[in-house]
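If you're matching positions, the sequence shown starts at 1 in our numbering and goes up one per residue.
There could be a bad hint or two in this list.
To be verified - Just the calculated beta-carbon pair ranges, DEER-fashion:
hint: 1; residue 1: G147; residue 2: V16; range: 30 to 36 Å
hint: 2; residue 1: P178; residue 2: R52; range: 20 to 26 Å
hint: 3; residue 1: Q88; residue 2: V35; range: 17 to 23 Å
hint: 4; residue 1: T180; residue 2: W51; range: 17 to 23 Å
hint: 5; residue 1: D99; residue 2: P66; range: 23 to 29 Å
If you are wondering where the hints come from, they were derived from the structure by calculation, not from laboratory data.
We treat Cβ as the ideally placed atom computed from N, Cα and C, and that holds for glycine.
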Amino acid sequence: MPSSTGQPSLFATGDVALFDDAEGGIRYRPGLIDVDTASRLFHALLQNVEWRALQREMYERTVDVPRLIASYPLDAPALPSAVGEILQVVQQVVDAPFDSVGINLYRDGGDSVAPHSDTLHALMPRQPIALVSLGDVRDMVITPKPGIRGRRIRLPLEPGSLLLMSHASQSTHDHGIPKTREAVGPRISLAFRVRQPGGDLLRGYRPAG
Numbered sequence: 001m002p003s004s005t006g007q008p009s010l011f012a013t014g015d016v017a018l019f020d021d022a023e024g025g026i027r028y029r030p031g032l033i034d035v036d037t038a039s040r041l042f043h044a045l046l047q048n049v050e051w052r053a054l055q056r057e058m059y060e061r062t063v064d065v066p067r068l069i070a071s072y073p074l075d076a077p078a079l080p081s082a083v084g085e086i087l088q089v090v091q092q093v094v095d096a097p098f099d100s101v102g103i104n105l106y107r108d109g110g111d112s113v114a115p116h117s118d119t120l121h122a123l124m125p126r127q128p129i130a131l132v133s134l135g136d137v138r139d140m141v142i143t144p145k146p147g148i149r150g151r152r153i154r155l156p157l158e159p160g161s162l163l164l165m166s167h168a169s170q171s172t173h174d175h176g177i178p179k180t181r182e183a184v185g186p187r188i189s190l191a192f193r194v195r196q197p198g199g200d201l202l203r204g205y206r207p208a209g
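Produce the complete structure using the sequences and hints provided.
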């Protein structure tokens with residue numbers, strides 16, 4: 001049975017436990033969405049999401065964010081129907097009151113996201129982050145922060161898979177999608193979160209151009 005705290009008791013079978021903590025740690029479940037459905041949802045999102053090219057300040061200069069980004073409250077009238085369909089599948093296995101989704105489009109191997117942890121002040125404590133992958137496979141690198149025991153993990157995120165990260169794991173581990181020289185097609189990731197009231201997960205970003 002799922003836990004009312006959002007802990008991943010969902011993964012009794014078929015999961016890979018990458019890191020454990022009191023809130024459930026980091027766990028990976030391939031095949032949450034079947035291949036044909038994942039392909040259909042990928043193409044629907046590619047066409048219907050309002051993708052934005054953004055910039056941000058980094059090391060005292062303005063840089064382009066190397067991917068396209070979208071963000072929606074889950075009660076938004078403009079929420080693409082494919083997002084709602086994916087949310088229903090996630091909620092069958094994760095008991096959390098998700099209220100927002102951040103969506104990234106990695107257009108090719110040159111798009112990436114640097115190692116980071118999610119902004120804790122914008123997120124509700126003890127609530128997980130559920131990451132669904134669609135499209136081509138990209139590797140995620142998960143690295144313990146200084147002083148945390150464990151090994152660096154390179155995890156291929158398959159289409160239709162779910163990566164569940166506890167709120168607590170954002171204090172212990174960084175995660176990122178490195179660039180690759182391999183020939184890869186586009187990938188879409190959807191990160192379902194529970195925000196603090198007024199929490200802005202895109203603070204510091206601005207439209208490009």
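Hint by hint, which ones does the structure fall short of? Of the numbered hints given earlier, the structure breaks just one, which is hint 1.
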